[in-house]
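Going down the list, the protein sequences come from chains F and Z. Letter by letter, the first sequence follows residues 1 to 370 of my numbering. Letter by letter, the second sequence follows residues 1 to 84 of my numbering.
Derived from the structure by calculation, the hints contain no laboratory data. Don't take every hint at face value.
16 Å max Cα-Cα, derived EDC-like pairs, lysine to aspartate or glutamate [claimed, not checked]:
| id | chain 1 | residue 1 | chain 2 | residue 2 |
| --- | --- | --- | --- | --- |
| 1 | Z | K49 | F | E290 |
| 2 | Z | K9 | Z | D25 |
| 3 | Z | K9 | Z | E73 |
| 4 | F | K202 | F | D132 |
| 5 | F | K196 | F | E170 |
| 6 | F | K286 | F | E55 |
| 7 | F | K121 | F | D159 |
| 8 | Z | K54 | F | E89 |
| 9 | F | K202 | F | E95 |
| 10 | F | K196 | F | E128 |
| 11 | Z | K49 | F | E289 |
| 12 | F | K202 | F | E89 |
| 13 | Z | K9 | Z | E24 |
| 14 | Z | K54 | F | E290 |
| 15 | Z | K16 | F | D359 |
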Amino acid sequence: MTLQGYIDSAIAPRADRWDCEERIPRQVLSDLAGLGVLGAHVSIAQGGGGRPVVEWGEALEAVGEASMSLLSVLTIHAMSSYALARWGEAEAQQEWLPSLTSGAKLGGFCLTEPTIGCDAKSVTTRLEEAGDSWRVTGTKRWTSAAELVDVFLVFGQTDQGPTAVLVPRETPGVTVTPISGVLGFRGARACELTFKDVVVPKRWTIGPQGMGFSYVASSTLDVGRFCIACGSTGLIRACVRASVDYARQRKQFGVPLSEHQLIQALIADMTTSYKAANALWRQAAKAREELLPSSIMETTTAKYFASTAASRAANDAVQIHGANGCGPDYPVQRYFRDARITELIEGSNQMQQVMIAQDALNAFATRRRR
Amino acid sequence: MTQSDARSKVRAFLEKFIRDQDFEDGDNVFALGLVNSLMAMQLVLFLEKEFGVKFTNQDLNLKNFRSVDAMVELLGARGIFAAA
Ligand SMILES: Cc1cc2nc3c(=O)[nH]c(=O)nc-3n(C[C@H](O)[C@H](O)[C@H](O)COP(=O)(O)OP(=O)(O)OC[C@H]3O[C@@H](n4cnc5c(N)ncnc54)[C@H](O)[C@@H]3O)c2cc1C
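Can you build the whole structure from these sequences, using the hints too?
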């Protein structure tokens, strides 16, 4: 079966149910692993699929169109497996990478805490040295799909500064408490995690000690932003499709809504947003394929644009559907709730604006150096 | 690749980000506030791509990236310069 065939038959028809039940069956992730989606971004040399970035982006866009909850699970898995592939030591890679790239195990991402969000380098979770191990103590919050995840990439403080380490969910001292009733991404139910004297070997440290923020978190969030840019683009496409179908069949004042020009204006805007968001993530994919330093800003711009445009498109899709857009019979209310989350995660959009502005203040400045 | 080619390339890359101030090859570009924290990853990507090296975790100490001199020294230690 092709990925699109699987999405059409097994994801799209079930996405509303996952949203209501706040869970995605583990089998879906295994099926996607079988279709090569879970390890696509890791090189063949490291046991992944080594797919071209643009092809991976197309898969993410297609999944995002059907279910942003599922897209978010793919995102955290991609982030944690990327971190291991890029920054892990050989021993940790041998222990964990094959099962993550094959999808036998799922990776998660634990940065945010109850009191620490955007200011991520200030995480308070402690990593204390205990011989060849770390003792992990602290609380993480808003960890996506933690009930499904097998191993978390956890960011904590050491004497040398922020540091990342792998912590399997089943380690004694790890407690996972689901948070029900979150606005969006409900299928990937977010959780609070407490770590009480959790002991993990130091060989599972990811990246240089003290550089957990500068390198590991920032490059991992960059991967996350690429996933969210592609997924949000899919979400905009879903809004266009739902709006077009609805506007063509629903009649008011004796004609289909699609004949009212103010409705056409909304459809024109969301279609334009879709094309622009798609072009931006493809531009980012090209820079990522070539490992260009500019890939970071291309990705940031793509994520910022796609997520804000997805919120606008979903808002307009609800408007076109009227009361039906607010009810359970149409998916646009889910799109609306999910779109809102894309503006917060993998670096909130205010953080993206700061990065884009800082870059622009250099890139577009008239050169004045002697 | 000679050391002076590498020096010019590193300078040219940094100059894209530091537009309106002079800086010396020994200046700590992070301490001068000339580049932001995002630069750490951009510098790694640039040096790995441009010079065909792959840094180990031990190489990634920020002090290896703080100035043109430090980066050229790091590249030298990775053996990328042809013998004169
Ligand atoms: C459904 C969901 C899933 C999530 N999944 C994960 C996950 O798997 N792992 C994980 O680690 N985290 C996860 N998060 C957390 C998410 O990454 C954070 O919500 C995000 O980083 C913002 O942090 P915060 O919510 O604490 O907001 P805060 O940092 O408290 O910020 C609040 C508001 O102030 C703005 N703000 C903050 N600082 C500035 C500033 N300097 N200038 C201007 N504006 C500013 C922010 O943009 C935001 O709008 C998830 C969140 C949600 C809702």
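* Determine which of the earlier numbered hints do not hold for this structure and return their numbers in increasing order. => none
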